[in-house]
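Protein chains in written order, with the numbering used here: chain A, 610 to 871; chain B, 610 to 871.
Hints may contain errors.
Identical copies carry no separate label here, and so any pair may be met within one copy or between two of them.
Stated by the list, open to error - Simulated pairs of lysine-lysine, DSSO-like, Cα-Cα distance not exceeding 27 Å:
1) 763 / 750
2) 666 / 750
3) 695 / 763
4) 763 / 670
5) 669 / 763
6) 670 / 852
7) 852 / 750
To be clear, the hints were calculated from the coordinates, so they are not data collected in a lab.
Number of protein chains: 2
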Amino acid sequence: WARAVRGLLLDVSGVLYDSGGDGGVPIAGSVEAVRRIKASGLKLQFCTNETQATREKFVKKLQGLGFDISVAEVTAPAPAACRLLKERGLRPHLLVHNDLVPEFAEIDKANPNCVVIGDAAENFTYANLNEAFRVLIGMEKPVLISLGKGRYYKETDGLKLDVGAYMKALEYACDVEAEVVGKPAKMFFESALAEMGVPAEQAIMIGDDIVSDVGGAQQCGMRALQVRTGKYRPCDENHPQVKPDAYVNNLAEAVDIILQQL
Amino acid sequence: WARAVRGLLLDVSGVLYDSGGDGGVPIAGSVEAVRRIKASGLKLQFCTNETQATREKFVKKLQGLGFDISVAEVTAPAPAACRLLKERGLRPHLLVHNDLVPEFAEIDKANPNCVVIGDAAENFTYANLNEAFRVLIGMEKPVLISLGKGRYYKETDGLKLDVGAYMKALEYACDVEAEVVGKPAKMFFESALAEMGVPAEQAIMIGDDIVSDVGGAQQCGMRALQVRTGKYRPCDENHPQVKPDAYVNNLAEAVDIILQQL
Chain A
610 WARAVRGLLL
620 DVSGVLYDSG
630 GDGGVPIAGS
640 VEAVRRIKAS
650 GLKLQFCTNE
660 TQATREKFVK
670 KLQGLGFDIS
680 VAEVTAPAPA
690 ACRLLKERGL
700 RPHLLVHNDL
710 VPEFAEIDKA
720 NPNCVVIGDA
730 AENFTYANLN
740 EAFRVLIGME
750 KPVLISLGKG
760 RYYKETDGLK
770 LDVGAYMKAL
780 EYACDVEAEV
790 VGKPAKMFFE
800 SALAEMGVPA
810 EQAIMIGDDI
820 VSDVGGAQQC
830 GMRALQVRTG
840 KYRPCDENHP
850 QVKPDAYVNN
860 LAEAVDIILQ
870 QL
Chain B
610 WARAVRGLLL
620 DVSGVLYDSG
630 GDGGVPIAGS
640 VEAVRRIKAS
650 GLKLQFCTNE
660 TQATREKFVK
670 KLQGLGFDIS
680 VAEVTAPAPA
690 ACRLLKERGL
700 RPHLLVHNDL
710 VPEFAEIDKA
720 NPNCVVIGDA
730 AENFTYANLN
740 EAFRVLIGME
750 KPVLISLGKG
760 RYYKETDGLK
770 LDVGAYMKAL
780 EYACDVEAEV
790 VGKPAKMFFE
800 SALAEMGVPA
810 EQAIMIGDDI
820 VSDVGGAQQC
830 GMRALQVRTG
840 KYRPCDENHP
850 QVKPDAYVNN
860 LAEAVDIILQ
870 QL
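Chain A on its own, in the form it takes in the complex:
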């Protein structure tokens, strides 16, 4: 599986670091692994569903943890959502993390005709969920745009429900299907590949989420590895639908194997 590779897509949380209220901690070997990928000449793009911060803030945090990463190397859902909103003349009611709001600064939000939901974390209050619900149910044809459909993720203080769970709550209440921007949407992986300028057959996705990372990338024709870090659980290895091209203990091990094949 490690042959004929020209580019890597890396998930961030659970692969590079474990996030948490304290800013998070790097996963052993990952800082060095990113450096080795860049030194090898392989193309690299970070492909994240992170929606708790602007890309600028997100990148600063990762740089603070020692990672060699820049804003241009990050593919994230909020900018993709903004493109979609502009194309379709949609004015969002936002149910997102406070720190993500600046990504929507250019977007008209008066008299909303859709709801955009991200990983709002502490903003997932009973009041805010009811408010987003009322905006949706008040539309003739509710439009719900979700910045990902992750089930849960791991922070240093434990597992947390991800945006997908709250998306499902609103979908059920309003009897609609959300449009998902972010992994595992095909368009999202394709725009990350386009950023690298590498075709799917020559790219490998490395992630900790069996469905969003591995399943999504394989649907696009990429190879995909699951790391045994982050939200990985042993039962993922018996997943009924998705089978990674390989399991690796962590990013460092994946990079070892890939660089040996170059």
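Got chain A; can you put chain B on it based on the hints?
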């Protein structure tokens, strides 16, 4: 549809009264309609998915609004859940309204091996949802019991997400299917019919929820009416799956028609 009736099942919120933080207000004509049903000799049972209070407290509130109602006449999800927990030796982690907790006083809750979710309202905090999720995902085979699967309901200050939405969030996050106690579960309607001692063919359900009330009762072989009060919305009349035996403007009109046929 009004012939050969011996018993009525009445939904409460949206049929008898509109609930709200202030205790709610009776729907015009409903207090008198309940009195007329009782005077007619028809059997009567109140069949509610109310899980924001013990039956005792719930009945007291309705009596305060002028309704002739007693605890024995109320079929509600929490006692049904307690029977199920005892039968199966389950120890619940509760995600319910504070005022419902006394219904579970007799139940062993140490070292939980299932999660029971009700309409927790203000208790649907980000922290409480994460906690219930962690209990579930920590089980080898997660068991989620839901006191209803309603999408939303109307209070005097607006529409609110109901337990079904939060149930869907946990179902998705844990990849499980909840066991629903309460409407529209068949067993729940059957126990209400048993309380009245009336067979399904001779009973009519009257409710404002097209799926939980009308669809659920029809699945049990009852006739079912939808009132145009409470959470009723005009688009319910084009529901793709469920067609009530009749629409009525309110409970009073339903009772007029039924009593004329006696």
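Structure-based check of all given hints:
1. For the homomeric pair residue 763 and residue 750, the shortest alpha-carbon distance between copies (20 Å) is at most 27 Å, but the shortest distance inside one copy (35 Å) is not.
2. In this assembly of identical chains, the alpha carbons of residue 666 and residue 750 never lie at most 27 Å apart, being 35 Å within a copy and 39 Å across copies at closest.
3. Taking identical chains as interchangeable, the C-alpha atoms of residue 695 and residue 763 are never at most 27 Å apart, the minima being 33 Å within one chain and 34 Å between chains.
4. When the C-alpha separation of residue 763 and residue 670 is checked against a cutoff of 27 Å, the pair qualifies only within one copy, where the shortest distance is 17 Å, while the shortest distance between copies is 43 Å.
5. Taking the closest pair of Cα atoms, residue 669 and residue 763 come within 27 Å of each other only inside a single copy of the chain (20 Å); across copies the shortest separation is 45 Å, beyond that limit.
6. In the homo-oligomer, the alpha carbons of residue 670 and residue 852 never lie at most 27 Å apart, since the shortest distance is 32 Å inside one protomer and 55 Å across protomers.
7. Taking the shortest Cα distances, residue 852 and residue 750 sit within 27 Å of each other only across copies (22 Å), while inside one copy they are farther apart (37 Å).
Checked against the numbered hints above, the structure violates hints 2, 3, 6; every other hint is satisfied.
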